[in-house]
Amino acid sequence: MTIGKRAFDILFALALLIPLSVVMAVVAIILLVTQGRPLFYVAPRMRAPGEQFSLLKFRTMLREEGDSGATGAHKHWRITRVGRFLRRTRIDELPQLFNILRGDMSFVGPRPPLREYVERFPMLYAQVLKNRPGVTGLATMIYHAHEDRIMARCKTAQATEEAYYRRCLPTKLRLDLIYQRRRSLRVDLWIIWHTVMTVVIPNWQGRGRRRMPSPQHPMSIRDEQRRINVPAE
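The sequence shown maps to residues 35 to 267 in the numbering used here.
Derived by calculation from the structure, the hints in this document are not laboratory data. Errors might be hidden in some of the hints.
Simulated pairs of lysine to any residue, SDA-like, Cα-Cα distance not exceeding 20 Å [what the hints assert, rightly or not]:
| no. | residue 1 | residue 2 |
| --- | --- | --- |
| 1 | K39 | L50 |
| 2 | K91 | V116 |
| 3 | K91 | F74 |
| 4 | K91 | V76 |
| 5 | K109 | R124 |
| 6 | K164 | E153 |
| 7 | K164 | A82 |
| 8 | K164 | Q86 |
| 9 | K109 | R122 |
| 10 | K39 | W224 |
| 11 | K91 | V67 |
| 12 | K189 | L203 |
| 13 | K189 | H110 |
| 14 | K164 | R217 |
| 15 | K109 | M95 |
| 16 | K164 | R215 |
| 17 | K164 | M35 |
| 18 | K189 | A179 |
| 19 | K91 | L135 |
| 20 | K164 | L203 |
| 21 | K39 | F132 |
| 22 | K91 | R71 |
| 23 | K91 | F132 |
| 24 | K109 | Y75 |
| 25 | K109 | D182 |
| 26 | K164 | T36 |
| 27 | K189 | R200 |
Pairwise CB distance ranges, derived in the manner of DEER restraints [stated by the list, open to error]:
| no. | residue 1 | residue 2 | range |
| --- | --- | --- | --- |
| 28 | E98 | R220 | 40 to 50 Å |
| 29 | T114 | G38 | 32 to 42 Å |
| 30 | K189 | A49 | 35 to 45 Å |
| 31 | I44 | M231 | 23 to 33 Å |
| 32 | S218 | E98 | 35 to 45 Å |
Because the structure is a prediction, the values reported are computed rather than measured. No residue lacks a Cβ here, since even glycine has one placed at the ideal position from N, Cα and C.
Generate coordinates for the entire structure from the input sequences, incorporating the hints supplied.
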């Protein structure tokens, strides 16, 4: 991580914590009343090969010991009513501001993977995790909705695992590598903006051709999707 990117992360996280601390306090109270403790889902994730950290989220599911991996349809019954709203608006990820301040994550980068994924694809993740894991990223912005539809059709844990390994993970890794080649503060701001708009406005990605800022390689979202065979939203 460059000094400029780290400085941006710290200053932006501190600026967001001022207004969003009120939101997080309200969410914590609602979860305490409706779901009880624990309020947070603390998940082991990898920030680099061989380096693990604890990812923070508001808890959105009923607890089940030993649960891990992608969320398919076989887990949907565990998502609480409040949890569905938090997931749809991505408010459940606000505690990751503290992960950013601690230096475990950045605002933009590959989503932090489970250790089993890193161990299964060590050479790919050795490249992908040269970037600090992010709250959002190119793969999250482009592929998240399509991944949700794939996972929603998986009725068993085995089907979820096979779909994620065979269909979702390879595409997300390719998108992460595209981001690595083209990363800059301008690209990060572009990804943050489109992530926010995707949450606020349904089908934001599909409205027109939006070009990723790059003086050398101008390319729209749809161009990127066709390049790596990602279904257009």
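**Study point:** Range hint compliance [Cβ, E98 to R220, 40 to 50 Å]
**Key:** With a Cβ separation near 42 Å, E98 and R220 satisfy 40 to 50 Å, so the hint holds.
Check your understanding: Regarding the pair K91 and V67, is the alpha-carbon distance no greater than 20 Å?
Key -> holds, 17 Å
Point to revise | Pairwise hint evaluation, Y75 against K109, where the allowed Cα distance is 20 Å at most | key: Since the Cα atoms of K109 and Y75 sit roughly 15 Å apart, the hinted pair holds (cutoff 20 Å).
Review point. When you check the alpha-carbon spacing of K189 and A179, does it fall within 20 Å?
Key: holds, 18 Å
**Study point:** Hinted pair K91 and V116, Cα distance within 20 Å
**Key:** Holds, because 14 Å separates the two Cα atoms, which is no more than 20 Å.
Exercise for review: Could you grab the alpha-carbon distance between K164 and R215 and see if it respects the 20 Å cut-off?
Suggested key: Since the Cα atoms of K164 and R215 sit roughly 11 Å apart, the hinted pair holds (cutoff 20 Å).
Exercise for review: Decide if the proposed pair is consistent with the structure: K189 and L203, CA atoms, cutoff 20 Å inclusive.
Suggested key: Distance of about 19 Å is within 20 Å: holds.
Check your understanding: Hey, K109 versus R122, does the alpha-carbon distance stay inside 20 Å?
Key -> Roughly 16 Å between the alpha carbons, so the hint for K109 and R122 holds.
Check your understanding: Holds or violated: are the alpha carbons of K109 and R124 at most 20 Å from each other?
Key -> holds, 18 Å
Practice item. Verify the proposed pairing of K39 with F132, using a straight-line Cα cut of 20 Å. Key: Satisfied, since the Cα-Cα distance of roughly 16 Å is no more than 20 Å.
Check your understanding: Regarding I44 and M231, is the given constraint of 23 to 33 Å on their beta-carbon distance met?
Key -> holds, 24 Å
Exercise for review: Given the hint that K164 pairs with Q86, test it: the Cα-Cα distance must not exceed 20 Å.
Suggested key: At roughly 14 Å apart (the allowed maximum being 20 Å), Q86 and K164 satisfy the hint.
When each numbered hint is compared with the structure, no violation occurs for any of them.
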